[in-house]
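Let the sequences and hints guide you as you build the complete structure.
Chain residues, written in single-letter form:
There are 2 protein chains.
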Amino acid sequence: MESTPLVAVGCGRTGGLTLTPLIDRLRDRGWRLTAQRRVIAETMTGEHVHLAADEVFERARTVLPEVSLATVYNTLNELVSLGELREFTHEGRKRYDPNVADRHHHLVCVACGRTLDVHPDDPGLPADQRHGFELLDVEVTFRGRCPDCTAAA
Amino acid sequence: MESTPLVAVGCGRTGGLTLTPLIDRLRDRGWRLTAQRRVIAETMTGEHVHLAADEVFERARTVLPEVSLATVYNTLNELVSLGELREFTHEGRKRYDPNVADRHHHLVCVACGRTLDVHPDDPGLPADQRHGFELLDVEVTFRGRCPDCTAAA
DNA sequence: CCACCACCCTAGAACAGTTCCAAAGATGGA
DNA sequence: TCCATCTTTGGAACTGTTCTAGGGTGGTGG
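Residue numbers (the numbering used here), protein chains in the order written: chain A, 88 to 240; chain B, 88 to 240.
Honestly, the hints are just simulated from the structure, not real lab data.
Some clues are possibly wrong.
Identical chains blur together in the list; that is why a pair holds if it fits in one copy or across any two.
[As the list claims (entries may be wrong)] With a straight-line cut-off of 25 Å between C-alpha atoms, the simulated DMTMM-like cross-links for lysine to aspartate or glutamate are:
#, residue 1, residue 2
1, K181, E153
2, K181, D235
3, K181, D224
4, K181, D215
5, K181, D115
So, in structure tokens, the structure goes:
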């Protein structure tokens, strides 16, 4: 739940071929690897994976029917604080992205919610990264600590 | 609730001095202007205004105590579909931004939630627009319509 | 090999934010 | 003024997430 520096092991777009490095990393960090956690972690493996908790739950359940929704939430939150997943919000619900190694942005379909990773150099999103999308909007949120909060800390 | 093209009347950063143009625009579009709606619209006037529904409710209530939360939600949603407010989500709840005239991004304090409008030329956010914030993260979401959805429409 | 203890899992309750609903009230045109 | 229409209201319902209390489990020391 703490300490080990978040060394980015992956190096950019690695493709979805490797199934275990996340599991290995977690074990190396002393994370108790139960059946539930393994199934959830495996569900979160791949490229362009941006599942919401209930989707993770459904998929995990097909492999391990007795897994509970609470465990899915617990595990996802833990993986986020371990730095192994990145969390973002789309249409009011949290989604989880296993691609934490390379800085990237999201390309979201307003109709079906389909989400792809993109790597633009500038916020304009070059044509070769649009995946055929008709662009409608860009939302950029910078996060930081304001002067008051910095002073208070 | 529909039609009238969303002519951007304001022109960039206008300052918070004008109190009525939003109200005027709404009346011109045939929007029935009740006391509740007026109070809510006035609450949403100004610069760097990014209130959540319950905050709008609290403020509106100090002026018009009998206003209901349902009306606040109804009105905010309507103003969004009229194109007079922009909606975004921060930490699981929707916030509303009256600044729809000029393209801008948001600078959010991860500690207190304070949100400011910024106008970067590139996603790096130049120093003179950081408002003293210590930058921690940038989140960029492109929205559009994917090829499948375009074909289906 | 066993016992123990810290950690983990589970179901369900609780919670927050938002939307829905039916009834009552307000509004403006004929 | 009357009436059809639109608006408001409180509360119920709903969704996504977190909390809680109790039972279960893995793996370490003996």
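Taking the hints in turn, this is what the structure says about them:
no., hint, result
1, K181 - E153, "within (23 Å within a copy, 34 Å between copies)"
2, K181 - D235, "between (28 Å within a copy, 24 Å between copies)"
3, K181 - D224, "both (20 Å within a copy, 17 Å between copies)"
4, K181 - D215, "neither (28 Å within a copy, 32 Å between copies)"
5, K181 - D115, "neither (28 Å within a copy, 39 Å between copies)"
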